[in-house]
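Residue numbers (the numbering used here), protein chains in the order written: chain R, 1 to 416; chain V, 1 to 416.
Just so you know, the hints here were simulated from the structure itself, not pulled from any lab data. Note that beta-carbon positions come from the ideal geometry of N, C-alpha and C, so glycine has one too. Treat each hint with caution, since some may be false.
Claimed, not checked - Distance ranges between label pairs, derived from CB positions:
#, chain 1, residue 1, chain 2, residue 2, range
1, V, S352, R, N276, 46 to 56 Å
2, R, P275, V, G150, 26 to 36 Å
3, V, D320, R, N276, 19 to 29 Å
4, V, D320, R, P275, 37 to 47 Å
5, V, L326, R, G150, 44 to 54 Å
6, V, G350, R, A304, 53 to 63 Å
7, V, D11, R, N276, 39 to 49 Å
Number of protein chains: 2
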Amino acid sequence: MTADYGSLAIDTDRLLRHLAELGDIGAIPGTTGCARLALTDEDKAGRDLVLTWMRDLGLDIRIDGIGNVVATMPGEGDLAPVMTGSHIDTVATGGKYDGNLGVLAGLEVIETVIRAGVELPRPLAVAFFTDEEGARFAPDMLGSLVYAGGMALEGALGIEDSDGAVVGDELERIGYRGTAPTPGPTPHAYVELHIEQGPVLEDAGIGIGAVEGVQGISWTELTLRGQSCHAGTTPMRMRRDPGLVAARICAFVNDLALEFGGAQVGTVGAMTFRPNLVNVVPSEVTMTVDLRNTDEVTLRAVEARFAAYVSDVAEREGVDVERRILARFEPVDFDDRVIESVERNARDLGYSTRRMPSGAGHDAQMLSRICPTGMVFVPSVNGISHNVTEYTEPSDIEAGANVLLRTMLELATTEF
Amino acid sequence: MTADYGSLAIDTDRLLRHLAELGDIGAIPGTTGCARLALTDEDKAGRDLVLTWMRDLGLDIRIDGIGNVVATMPGEGDLAPVMTGSHIDTVATGGKYDGNLGVLAGLEVIETVIRAGVELPRPLAVAFFTDEEGARFAPDMLGSLVYAGGMALEGALGIEDSDGAVVGDELERIGYRGTAPTPGPTPHAYVELHIEQGPVLEDAGIGIGAVEGVQGISWTELTLRGQSCHAGTTPMRMRRDPGLVAARICAFVNDLALEFGGAQVGTVGAMTFRPNLVNVVPSEVTMTVDLRNTDEVTLRAVEARFAAYVSDVAEREGVDVERRILARFEPVDFDDRVIESVERNARDLGYSTRRMPSGAGHDAQMLSRICPTGMVFVPSVNGISHNVTEYTEPSDIEAGANVLLRTMLELATTEF
Numbered sequence: 001m002t003a004d005y006g007s008l009a010i011d012t013d014r015l016l017r018h019l020a021e022l023g024d025i026g027a028i029p030g031t032t033g034c035a036r037l038a039l040t041d042e043d044k045a046g047r048d049l050v051l052t053w054m055r056d057l058g059l060d061i062r063i064d065g066i067g068n069v070v071a072t073m074p075g076e077g078d079l080a081p082v083m084t085g086s087h088i089d090t091v092a093t094g095g096k097y098d099g100n101l102g103v104l105a106g107l108e109v110i111e112t113v114i115r116a117g118v119e120l121p122r123p124l125a126v127a128f129f130t131d132e133e134g135a136r137f138a139p140d141m142l143g144s145l146v147y148a149g150g151m152a153l154e155g156a157l158g159i160e161d162s163d164g165a166v167v168g169d170e171l172e173r174i175g176y177r178g179t180a181p182t183p184g185p186t187p188h189a190y191v192e193l194h195i196e197q198g199p200v201l202e203d204a205g206i207g208i209g210a211v212e213g214v215q216g217i218s219w220t221e222l223t224l225r226g227q228s229c230h231a232g233t234t235p236m237r238m239r240r241d242p243g244l245v246a247a248r249i250c251a252f253v254n255d256l257a258l259e260f261g262g263a264q265v266g267t268v269g270a271m272t273f274r275p276n277l278v279n280v281v282p283s284e285v286t287m288t289v290d291l292r293n294t295d296e297v298t299l300r301a302v303e304a305r306f307a308a309y310v311s312d313v314a315e316r317e318g319v320d321v322e323r324r325i326l327a328r329f330e331p332v333d334f335d336d337r338v339i340e341s342v343e344r345n346a347r348d349l350g351y352s353t354r355r356m357p358s359g360a361g362h363d364a365q366m367l368s369r370i371c372p373t374g375m376v377f378v379p380s381v382n383g384i385s386h387n388v389t390e391y392t393e394p395s396d397i398e399a400g401a402n403v404l405l406r407t408m409l410e411l412a413t414t415e416f
Numbered sequence: 001m002t003a004d005y006g007s008l009a010i011d012t013d014r015l016l017r018h019l020a021e022l023g024d025i026g027a028i029p030g031t032t033g034c035a036r037l038a039l040t041d042e043d044k045a046g047r048d049l050v051l052t053w054m055r056d057l058g059l060d061i062r063i064d065g066i067g068n069v070v071a072t073m074p075g076e077g078d079l080a081p082v083m084t085g086s087h088i089d090t091v092a093t094g095g096k097y098d099g100n101l102g103v104l105a106g107l108e109v110i111e112t113v114i115r116a117g118v119e120l121p122r123p124l125a126v127a128f129f130t131d132e133e134g135a136r137f138a139p140d141m142l143g144s145l146v147y148a149g150g151m152a153l154e155g156a157l158g159i160e161d162s163d164g165a166v167v168g169d170e171l172e173r174i175g176y177r178g179t180a181p182t183p184g185p186t187p188h189a190y191v192e193l194h195i196e197q198g199p200v201l202e203d204a205g206i207g208i209g210a211v212e213g214v215q216g217i218s219w220t221e222l223t224l225r226g227q228s229c230h231a232g233t234t235p236m237r238m239r240r241d242p243g244l245v246a247a248r249i250c251a252f253v254n255d256l257a258l259e260f261g262g263a264q265v266g267t268v269g270a271m272t273f274r275p276n277l278v279n280v281v282p283s284e285v286t287m288t289v290d291l292r293n294t295d296e297v298t299l300r301a302v303e304a305r306f307a308a309y310v311s312d313v314a315e316r317e318g319v320d321v322e323r324r325i326l327a328r329f330e331p332v333d334f335d336d337r338v339i340e341s342v343e344r345n346a347r348d349l350g351y352s353t354r355r356m357p358s359g360a361g362h363d364a365q366m367l368s369r370i371c372p373t374g375m376v377f378v379p380s381v382n383g384i385s386h387n388v389t390e391y392t393e394p395s396d397i398e399a400g401a402n403v404l405l406r407t408m409l410e411l412a413t414t415e416f
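Go ahead and model the full structure; you've got the sequences and the hints to work with.
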């Protein structure tokens, strides 16, 4: 199938230039990073720039009620499009690749097809979804969630940021409260290119990740309350030390993840001691626990072991525990046919590939609710993301964009 | 020996009244606590009140260059006095017993002796020492340190608080930069009454602690540096997690203290994660470790085991360690003859007693450098101190003050 378009390749210089130009908007002085929080003036400027490029290609542009922008190159018939996309909002100290690469590589794929004069049986579409990062408005992946019908538009428009600004008002203010309906039209298939945001590909020397799905996420906040007392005058046996309980839980989370192995990860990222003084046994410790696995059954087993240990160790040390679920998402499995297409096209182009889960959330997981979906990962240098030092090599960007091109062409001529 | 003065007893109501009146100065509204940081206006007001009471008894009052106040009731001959005392400065949110009890009970002992018309071969003296808490000017126990010759007056006068105020200037300002020389005259013996500030006596149902000495203290701050990374996308084996290392050290400190047993205590009171986010493996963790023992050889063995463990676990996890010694004091042993006197007199009065170390520092440990020294402990309710809820039962205050009275009388007629 791909043989029909065997000579097509994206223009790497043009794609890199687009990435640089978009990265200049909201650039953080003295760094290569940028800040374009969702629905801010910087986000508007980034949106306007990408829209200019979409218009230059003569694409059909639709903006829906939550500000998602979908640009479509018509196909031969009136069929559902093969869609790609991602987001162009960033975290407060972000890089210029996370999200941006998926949108601009999608645009590059369409420009390549248009310039080659290739006509396809199905339309190709590229989207950018509103507020993927969730760094300003919770939850994250808001735009794609509404697109896929996972949240009603009215609810999404009423969400406030920490300063009380409202999504609907901010969309009006920047001119992106569109009229296209939500949920959006169902694509024929969806495939998204994204940087890995982790170290696995780089560490293994692999060029292309064929993403099999997104890990399930379980976030818990524990507040441990004991008895503050004098570190010098209180015998060990008379203590109720929540810091000790927190430490044992932190070590247990690590040991538990290693015991289960595979895709299981466990992290204690935040811990706060009160009163946090050298000579006082703490009265209260707050900590977070982040557990993830690609398999829901395994993740539940890990959660159960974790919960039992917390109860045991807290009771043993005479410490009270308050638990709060911060987030819980089941794992998402992508479509085998899309995963295979990514893998096959990467190999045809001579790249090494690995099937892998995504540890982070992406718009693709929302689209997977409504159509066959997959993702293409390219390496992140040192595994760093959500940081101004985020970087992906031009050769990897070229590889990823060409795999996206081939996969979209194949999906456009494949019936499921 | 005590038989000679067998009928003497302190006036509990008078002592409680004095404690209440002194506690009213700097009282913290809505609590039973008070705030009289060293050399503040509140400290001056407290000093002035206690001086009034000293003058009312016709005592010989000497104020030295660091603001220590020593009030003496003359004896029959020109001999060194039996001294008692403590401090009347408090922490920012302190109680009305810590320090205050030792000074006012000493004054009560002298008033009792004077009113009974008893003449002793040696003078009795009661002192309050400047800046015992160290809550405003470091180091703590500053006044008694200078009295005992452990620091030159000039150095002490130049110490600044966190706002740049200088000890010498503040002494001048409140009118307590005296002319009596430092180091001060060597007492015949020194015995100090203090609340335990821990839960041991209350827990064991013991009335009087005969303090054998002060624990040695070893304080270390560790800064652990690893690699910040994404909690979802970074496999366990590729992490360098300083939070995990901190947790293992915290648990080890507890296990180590339990393994050594006896007087050994170990505490991780402070821990700070950076960046302290639920989904980010921390880049850096700072923590403190407080190790104490009454025996220097054992304390050194514990420190060695601790240091070796820190190196091992940090290397195993690929985390860098920076160590900073925050404090290191060797244990202090009080004088057997004073300890025995406290114990004997408590038993003669019908109180249960226990020999015990002090986990906290006290002026007595400075005086022990120059004369036979001991301390009397009375229970702290719930072991709480340095807190507005600090409390000791009137019956325990009465017991402690009468033991102090008997012990001072005995020491006044004992040659060493």
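To see whether the hints hold, each was checked on the structure:
A hinted range of 46 to 56 Å for the beta carbons of S352(V) and N276(R) is inconsistent with their spacing of about 37 Å. Taking the beta carbon of each, P275(R) and G150(V) are about 30 Å apart, inside 26 to 36 Å as hinted. Take D320(V) and N276(R): their Cβ atoms lie about 22 Å apart, and the range 19 to 29 Å holds. In this structure the hint that D320(V) and P275(R) lie 37 to 47 Å apart at CB is violated, the actual value being about 28 Å.
Checked against the hint of 44 to 54 Å, the C-beta distance between L326(V) and G150(R) comes to roughly 52 Å, which is consistent with it. Between G350(V) and A304(R), the C-beta spacing of about 57 Å keeps the proposed range 53 to 63 Å intact. Look at D11(V) against N276(R): about 43 Å separates their beta carbons, and that is inside 39 to 49 Å.
When the structure is compared with the earlier hints, violations turn up for hints 1 and 4 and for no others.
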